[in-house]
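Colleague: The primary structure of each chain is shown beneath.
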Amino acid sequence: MTWASLVVSFVKVLVVVLFLLNMAAISVWLDRRQSAMLQDRVGPNRAVVYVGSGLVKMFLMVPAVLIAGALAVPMWTSMPGLEIARMTQAVEFAILVGWFSLLVLSSNVRRHGADNGFDEAVASLEPRSYFYGGLAVHVFAALLLQVASALSRSAPGSLSASGGVAWGTGLSGSFAAAVVLASAFYASAKVPDGKVGIRLAGTLHAVADAIKLIWKEDLRPKNADKLLYAMAPLLAMFPALVTFAVIPMGSTLCFQDVDKNHALSFVDLGHLANFADRSGFCAVGQLPVSLAVADLNVGLLYVFAIAGTGIIGAAIAGWASDNKWALLGGLRATSQMVSYEVAMGLSITGLLMVVGSVHMQEIVNWQGRHAWGIFVQPVAFFLFLAALVAETKRVPFDQPEGESEIIAGYFLEYSGMKFGLFFLGEYAEFVFSSALLVTLFFGGYHLPFVDPDGLRISFGATNLYELKLSHLAVSLLHIGAFFGKTIVMTWLQVFIRWTLPRFRYDQLMKLGWTKLLPAALINILVTGVLVLGIDGASPAVHAGLQTLADVTQALVALGGVLAVVALITGLLEPTKHKRVALSSSAGYALRAGGVKATKMGA
Amino acid sequence: MTASQTYVFDGSEQGFATTRFEDLLNWAQKYSLFQYPFVTACCAMEFMALASPRFDMARFGAEAPRFSPRQADLLWVVGTISQRQAPILKTVYDQMADPKYVLAFGTCASCGGFYDNYTTLAGIDKVIPVDVYVPGCPPRPESVIDGLLLLQDKIQRGDRTPGIVKPRTDPRVVASQLATGHSTDVAHAQLVELRTSKP
Amino acid sequence: MEPLDIELDDGELELPNEPMQVNMGPAHPAMHGTVRMVVDLSGETITKVDVQIGYLHRGFEKMCERGTWTQVFPYVDRLNYASPMLNNVGFSLAVEKMLGVSVPERCQHYRVVLGELARICDHMVCSGAMAMELGAFTPFLWFAKARELIWDVFEEETGARVTHSFGRVGGMAQEPTANFKSMVRAAVPAVLALIADGEKLLLANRIFLDRVENVGVMSKERAIALGWTGVVLRSTGVPYDVRKVHPYLTYDRYDFDVPVGTSGDNFDRFMCRQEEIRQSARIIEQALEQMADEGSVNIDDPRIVLPPKEDVYSTIEGTIQHFKIIMEGIKVPAGECYSYTEAGNGELGFYIVSDGSGTPYRIRIRPPCFATMQGVEEMIVGGMLPDVVPTFGSVNMIGGECDH
Amino acid sequence: MSKRVLQRLTEVFGAAVIETHSQHGDDTAVVVPSRWKEIAAFLRDDEKCAMNHFIDLTAVDYLNRREPRFEVVLHVRSIEKLHRLRLKARLGEPATIDTLSGIWAGADWFERECFDMFGVEFVGHPDLRRILMYPEFVGSPLRKDYAAQHTQPLVEYRPEAVGKLPPFDEHEGMPFGRQTHDRVEPRVNALGFSDE
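Going line by line, the protein sequences match chains R, A, F and E. The first sequence: position 74 = 74 (the working numbering), numbered continuously. The second sequence: position 127 = 729 (the working numbering), numbered continuously. The third sequence: position 101 = 902 (the working numbering), numbered continuously. The fourth sequence: position 62 = 1267 (the working numbering), numbered continuously.
Think of the hints as simulated: they come from the structure by calculation, not from any bench. The C-beta atom is built at its ideal place from N, Cα and C for all residues, glycine as well. Some hints here could point you the wrong way.
[To be verified] Pairs of lysine-lysine, DSBU-like flavour, derived with a Cα cap of 35 Å: (1) K1293(E) - K898(F); (2) K702(A) - K324(R); (3) K1208(E) - K1021(F); (4) K756(A) - K222(R); (5) K57(R) - K756(A).
[Said to hold, decoys possible] FRET-style restraints, in silico, Cβ to Cβ: (6) E624(A) - L1004(F): 49 to 57 Å; (7) N1269(E) - E744(A): 32 to 40 Å; (8) T514(R) - A997(F): 30 to 38 Å; (9) S843(F) - F382(R): 29 to 37 Å.
Work out the full structure, taking the sequences as your base and the hints as a guide.
Modeller: Now the structure itself:
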């Protein structure tokens, strides 16, 4: 254990905790405002912090300068073996930055009005046109670069010798940097002088919640058990934070052993491998750094072991509060979580049989090589999802705290930050459960066709397209993919919460023991038979299965791209408000130009 | 303690750090008002409207309901409180953790309204202190939002004296009435002017 | 679930086996703030319950004896505050029955339309609140949104969103506004569309169906003996709707159906409400069709109806007439009568005793909820604690009405 | 409404039916209190009456206007035959009458309410408690001799809450709602004339 690896571990812990807490805060906000977000709204969020315009400008400029530096400078260095690929990346990235900046500017100007001629010129085109135009340029550039790479393959060295590639890479990087800088500068120029109100779409309310809860009076019922009453919130918070440790947030980073001491040192940290091996393992002599806080080979078992202790917090809280409703809540929590723990463990067994490991990194890698867990084990996914929602005590399984039945359940008597810990712990658990779902069933940090050494669109043995990517680029993509998927899963769970009614207590138990459990067992049986059959089958079957797996990857990729396109075009849809002013007050407000446009139609 | 006093540095018993800290605390409190809806009567209909999309209480940070008084900051007393209900209201209030605020929603909660008889409590201020009174039977959501803003303002200033939502008249309406020259309207406008101006 | 009985020898450690008694309400989120249930639990099963009402007793009947007949209207508004217009119409009809007058046909249609709009609101609030208490939040928000559309119409017509006090003896407080018909015709389809959306979320949902089906069952005979009326009675299979059986206003001229349930459980009550909303929309359509665009909505009787404002200011007769009605009240002949209409929750009856003066001697309201609430005890004993929520939600207990 | 029920009642019970009338189309029979329960049971069970649907039970206080003072009023209807009947019994003080809760289950709460509001005692009622008012309440609020504003608070009022509170100016709020009335005041109308 060197100092460098200690520092790396510390950074990882920090990232995990910050991510959990931030996401917890954001999902509190999501949860509280999902209803409102799906509906039409009037007026801005009230929570506001006034900041001097100088500070705002600094916040805009400093990251922009850093990003620009990180984009521009390394692009001028050469990386042997990657020239064409790097140029492709750089060009495509520059195009992305270009159209995206124009799009944001255009939609912003269209909403808030133009300040100058440049604004008007940009806003004369619809935001969607920039999007479609950008896509077209992407494809065009890709084709062009494909031709270039074909040329360079036919006459090796001609392009690199002329310096064209190096210039192309560097210039594209510089262009992207320049656009980022210019955008930041333009934005900061638009910041009005004096105090600027920062609202951050209402997320400040979550911040206010936290600050308020810390300084709120802490009450303890007279007959409560002093020790247990105080311990319970910590016990409830603990598992959610700790279990995240084994979730890999990205592929293993490979550092070059510069000083040849076979241990990670600070010098080595500056030298990330240029590109990684296709297998995902670091080459001999390189130093691997796993992107999980603790890369345990019993990963999943650890998760189950620790997550099981979450029951204790709820049960103790319910018992120690000296309140009948709390006791009911504690009892419900205990029985529910114990029951669903079984179904949860069994539902995942099928996947483990297929993958053949409980090591999280291995599970993710297997999905990357073959197909995502949801395609391999669809039944297990739904069983696991149900069990997981039950474990995190959320709607439709929120009996332990069902508001209309037992008021607030096991944490009924808690106030102040103790209640805050339950609150936060629940949301942290919620984020963790999303991360676990992503890891087990949605390929973890993997993106379809992104191998550790680059982009490769292939079906079975036929390669359609190949593009080498640097190790850093792949790693960034992976980390981004992991967090992105986790956020999407969190959002989906919030949707579930707002849509479904809750079960009755006995129905819940029946579901757990008579539906989920047998289904999980049958799933194990069927999986076992299939795994045995496939293991003994001919290579042709294996090749066929691999192709099938690649088809699922293609489907995912296609679906993902379509979803992103639909999302962006949906967001950029010009708002059309059909308004029927029925009442005189609405009509009056309309004439006075009073209310902000709402879709509500009245 | 008012806003103007809080920035005095020399000779003040409040240091700069405490003042800023209290500002921060007040800021957090006013934008995170977990509500305990003590909903009994007709005003519940408007309370629903207030919480639902058109009037959207969420953007004030005051929408999260906590049905355990321990976890709530703002007690909404919505509707008539009968003598039979009064002890329960008082218990709920006593169970709340500090800092706690009370908003009397509607005339019945504020002063009993036209239910002036053997069974009703003539205003919840007879049993618990009230921070903001919102008159109306039931009040329109807009005036409740006014009350909420008033409460937030008072929290920021650290002012715990009771406040009341004054009737509002749209200045444009008053201007048009003045232009048409109805004398009663002018008198009304003057009255409004009197009531809304600060002493 | 049966209580846990363990055979124990003397001196062994014994678990306490008395039932746990918990106190639901009145400050319980599912109890609408006005009902207290003292519940004995064995596990989660309810073995005994004592339903206590009266937390919103506001002395309606006593207050009515203090003013003129017209001054009763604001109090009537606040009985069933989910549908104040129906109460207004009901009380107007009661006093008119005593006076032996009937309002012009235009007013009758007008009352029907406003009343049916109020009924839609009432049913939406009930269904939405029931779904919300079960945890499904979105339908509630959609229903609340739909309700706003109707309230806009009410606001335009009456000037108030909730408590209109719009009914008058012998007519209504105001003429319909010029674009009354077009407003209603614009609002109702939008409301129905929103309701269909909300229903889709619930009725295609196994969890919701499991929670409401065969829960809170009430038999036909028992419901009749308990004096149930309205949706709760119809859900048990008795097609008793005052609008059909004893038509008042112009209900005999409309073509509409009375939805009835089969088993009297929560699901039937929910479905009856939803179906009645559609029937109300049908009635509104026909009433708008038949309603004349011109004509007075008030009867032509100076002893009952206030004179127009111009007359009050310009003629001595008008002034005196206005003064008499305002100061002394409408003189209702001595006697007694019982008038009943179909309100949001069932038969809303007013038993009126007049001594011939301008002030009611006694006004007795027969609140439909009050009778319904008696049956709640039977419906929830033997069920589980969570079943209290949909059962209580589906009977649509409105405190102002139930507690007088 | 059906007059046949009235006819049948008078046929069967004769002198027990003191008077009948059909004001405003409502058929009413006043019966002697001692046979109240018997007549009610007959109404429910007789095939020609079949009044199985309980509607309403209440009382009216005719203080200083009529003797005996109370009138208990019952409304019932028939689900099958669609007719209604109002049954009344006159009671002096102390007002006691047989319970009908064994005949129509619905009468249970209505009788409790009547007991609560008028102090009419229903003999044989299984659970005769106050229903709308709290057990600590003394008196019967709907009797004409109970002052409307006479409150009986359960909790002590805050010491500072006597008069008007700070946000209300002299002319604001509802002054009448902010007083506790210890004595009965004659109602004075807007012109200053007393009602009595």
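Colleague: When you take the CB atoms of S843(F) and F382(R), is the distance between them in 29 to 37 Å?
Modeller: For F382(R) against S843(F), whose Cβ atoms are near 35 Å apart, the range 29 to 37 Å holds.
Colleague: Assess, step by step, whether the Cα of K1293(E) is no farther than 35 Å from the Cα of K898(F), and give holds or violated.
Modeller: 20 Å, holds
Colleague: Need the status of pair K702(A), K324(R): alpha-carbon distance at most 35 Å?
Modeller: 25 Å, holds
Colleague: Does the Cβ pair T514(R), A997(F) satisfy 30 to 38 Å?
Modeller: Holds - the Cβ-Cβ distance for T514(R) and A997(F), about 34 Å, lies within 30 to 38 Å.
Colleague: Determine whether the Cβ-Cβ distance between E624(A) and L1004(F) falls within the hinted range of 49 to 57 Å.
Modeller: 53 Å, holds
Colleague: Next pair to validate is K756(A) with K222(R); report whether the Cα-Cα distance is within 35 Å.
Modeller: 33 Å, holds
Colleague: Given the hinted pair K1208(E) and K1021(F), is their Cα-Cα distance within 35 Å?
Modeller: 27 Å, holds
Colleague: Taking the CB of N1269(E) and the CB of E744(A), does the distance hold inside 32 to 40 Å?
Modeller: Hint violated: Cβ distance 50 Å, outside 32 to 40 Å.
Colleague: Please verify whether K57(R) and K756(A) have alpha carbons no more than 35 Å apart.
Modeller: OK: K57(R) and K756(A) at ~32 Å, within 35 Å.
In summary, the one numbered hint that this structure violates is 7.
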